[in-house]
Structure formats: structure tokens, C-alpha cells
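Q: Sequence:
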Amino acid sequence: FISGNESNGMFWRGDRQGLMAADYTVTIPEIPLTLSGSGILNIPITGQITGLSIEPVVLSGQGGGTIPVILDINVLGASTGGIDIHVNPPSPLPDFTLPIPGLPLNLAVHIDDTLSQIVTPRISFNSIPLNGFVVGGATTPLNVSLGGNVGPIFATVIHVSSSPGFGNSTNAPSSGFFNSGAGGVSGFGNIGDRVSGFFNEVSRGSGYKNIGSLLSGLTNVGESLSGINNTGGVGISGAGNVGGSLSGLSVFNAGFANLGVGNIGLGDIGRVNLGLGNVGDGNIGLANLGDFNFGAGNLGSFNIGSGNIGAYNIGPGNLGVQNVGFGNLGDYNQGFGNVGVGNVGFGNTGAGNVGFGLSGEGQVGFGAWNTGSGNVGLFNSGTGNVGFFNSGTGNWGIGNSGEFNTGLFNAGRWNTGWA
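Just so it is clear: in the sequence shown, position 313 is 314 by the working numbering, and no numbers are missing.
It is worth saying that the hints were derived from the structure and are not from the lab. Fair warning: there could be bad hints in the mix.
To be verified - With beta-carbon atoms standing in for the labels, derived distance ranges:
id: 1; residue 1: 159; residue 2: 44; range: 52 to 58 Å
id: 2; residue 1: 170; residue 2: 136; range: 47 to 53 Å
id: 3; residue 1: 136; residue 2: 33; range: 32 to 38 Å
The C-beta atom is built at its ideal place from N, Cα and C for all residues, glycine as well.
Model the full structure from these sequences, guided by the hints.
A: Structure representation (C-alpha cells):
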């Protein structure tokens with residue numbers, strides 16, 4: 002019933018009416034801090050300034066040899082200058098002067114010699130010890146005083162501005178409760194701009210717990226979506242879709258080249274598969290690869306039949322873990338061709354063997370090849386033997402050969418009878 006703008010309440014006729022504001026701030030006053038101390042400044046310094054040596058400097062010619070000296074000196078254009086000789090012949094001849102013109106001089110000097118290497122001597126500076134050097138002295142006082150303060154401290158317990166709605170912290174006016182973001186928001190706990198609804202984190206959307214932009218509906222993630230629990234790019238509506246440009250309910254395969262969710266037949270890849278090229282999840286038949294396999298080329302998980310390799314295999318062709326029958330190789334085997342660990346029957350090789358072809362550890366019977374440990378019958382060879390060609394330790398009968406023997410061909414220790 003409000004006819005104004007940005008108001009809270011009922012029946013208002015103006016703008017920004019009925020707005021509430023609250024502020025509760027705890028103030029801790031300024032706390033002065035003073036710290037002072039005194040003592041004696043007496044810091045002895047010992048040590049030395051390390052000596053320094055400047056190694057000889059050698060000036061030499063190329064290749065470390067002598068220094069060549071080649072010098073040409075030319076003196077050109079020098080002159081002796083003119084000379085006048087005065088002659089006085091005997092009378093009656095007259096006097097006369099004999100001029101001798103200047104003579105040019107050319108002088109050339111060529112020097113071609115070498116200088117030996119020039120070597121400066123090694124210059125050394127001795128180390129300078131620092132003994133008895135002290136900062137301060139036994140009577141030098143040291144006084145330190147620090148002063149200051151902390152605070153005042155303001156702790157805001159609650160601050161609600163007078164704005165439309167309650168507890169909103171948006172940049173632009175919004176209505177509703179505890180919304181934040183750019184603004185233009187209504188509803189409860191939304192983050193963004195132009196949003197309505199509950200707990201959305203979007204730009205221009207409505208609904209419940211959507212994340213993205215241009216969304217409507219429930220728990221969608223992406224852009225330009227509507228519906229329930231969709232994830233992806235543009236153009237999705239409906240429920241539980243993943244991808245782009247989809248509508249309707251989430252994928253439910255039935256036949257041909259299935260890829261994901263409720264697959265039933267042919268090239269299945271994931272989830273509740275039933276038949277042919279299954280890869281993962283609840284597989285039942287043919288080339289299964291992983292999860293709850295049932296039959297054909299299983300590789301891993303709870304296999305039951307055909308070429309199993311690992312997990313709770315039952316039979317045939319098992320390779321590892323809880324095998325039961327045919328071609329077992331390792332772990333808790335039960336029957337046929339067992340090789341290792343909990344073997345029970347046929348061709349056993351090692352660990353808890355029970356019968357036929359046993360060969361090591363807890364053997365019991367018919368291992369025409371028994372060799373070592375708790376043997377019972379036939380060609381035993383060492384440790385707890387009982388019957389037939391025994392050979393060492395707890396022997397009992399026939400062909401025994403050493404230790405607690407009882408009967409027939411015994412050979413040493415507590416024998417009882419024969420040979």
C-alpha cells in the first residue's frame with residue numbers, strides 16, 4: 002500500500018519513509034605507551050684490517066718479450082745562410098766582395114732498438130690490528146626512552162544504514178533482506194544486480210540459488226538458462242540438462258551409440274549400461290571396462306565372468322584380487338591354474354596351497370612336486386615332510402634323509418626304523 006519511492010512499511014505516501022538505521026560501535030579510548038631503560042655503553046671491538054698486497058705489474062712487448070722502439074727523425078729545409086768575403090788586392094787593383102750563397106742542409110736519423118720489460122715491484126701493506134678499540138666506556142651512560150599511544154580503537158558491532166529493505170549492502174537502492182552487490186535487487190540473500198528471489202549469485206536473474214547471468218528457476222549454473230538444476234551455455238531449459246541448446250529432462254539413453262546416463266544397448270559409455278561396448282558404471286554384458294561388470298571382456302571392478310583382470314572376480318580368466326575359478330594368477334584364488342597367495346586347488350604355486358601341484362608355503366596334498374616348508378605327500382623336499390621321498394627336517398616315512406626321521410631309508414638324527 003505504498004505510493005512513494007524507497008520506503009519500508011505500509012501506507013506511506015512520500016519517498017524514503019519508514020527507513021530504519023542502527024549503529025552500535027564500541028570505542029576503546031587511547032592507551033598511552035611509555036618504555037624506558039638505562040645502562041652502560043661499553044662495546045669493545047677486536048679484530049684486524051687484513052693486509053693488502055699489490056702484485057708486480059709487467060709492461061712488455063707482444064708475447065711477453067721486449068718492447069720494440071722504432072723512431073725516424075728528419076730535419077728538412079735547414080740552411081747555412083749566405084757569406085760575403087771581402088778581398089783587398091794590391092794596388093792598383095780595386096777592392097771587391099765575393100758573395101757565397103747559403104747552402105741547404107738535410108739531416109735524417111733512424112732509430113731501431115728494443116727496451117727490456119718494465120716491471121714494478123710488489124707493494125705490500127701490513128694488517129692493521131684493532132685491539133683495545135672501545136665504543137663508549139665503563140662510565141658511559143646509555144638512557145633510552147620511548148613514548149607513544151595506541152588508539153583510540155572503534156569496533157563497529159552493527160551498522161545498518163537508512164536504506165530500503167533490511168540489512169542490504171548494495172551499491173544502488175534495493176528491497177528485501179541481506180542482499181548485496183551492484184543493486185536493484187529484491188528478495189533474500191541475493192548477490193548481484195537486478196536479481197530477485199533467494200540466495201542467487203547472478204546478474205539479471207530470478208529464482209533460487211542460481212549462479213551466472215540471465216537465469217531463472219532453481220539451482221541453475223551458466224548463462225541464459227531457465228528451469229531446474231541445468232548446467233551449461235546459452236539456450237538450456239528443463240531439468241538436469243548439461244550442455245548447450247537443450248530442453249526437457251536429463252538424457253535417458255536406450256539404444257545405439259549411447260554416451261551417458263541410463264544407457265541400455267550398443268556403444269554405451271557411462272552410468273547404468275546394460276549391453277555391448279560398455280565402459281563404465283553399472284555394466285552387465287560384453288566388452289565392459291570398469292565398475293560393476295557382469296560378463297565378457299571385464300577389466301576392473303566387481304567382475305563375475307569372462308576375461309576378468311582385477312577386483313572381485315569369480316571366473317574364468319581371472320588375474321587378480323578375490324578370484325574363485327579358472328586361470329587365477331594372484332590373490333585369494335580357489336581353483337584351477339592358481340599361482341599366488343590364497344590358493345586351494347590345481348596347479349598352485351605359492352602361499353596357502355591345499356592340493357595338486359603345490360610348490361611352496363602351506364602345502365597339503367598331491368603336489369608331485371612338493372619342495373619346501375609344510376609338505377605332506379609325494380616327492381617332498383624339506384621342512385615338515387610326512388610321506389614319500391622326504392629330504393630333511395620333520396620326516397616321517399620312506400626315503401627320509403635327516404633330522405626327526407621315523408621309517409625306511411632314514412639318514413641321521415632321531416631315526417626309528419630301516420636302513
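Q: If you test the structure against every hint from before, which numbers come out violated?
A: As far as the earlier hints go, only 2 is violated by this structure.
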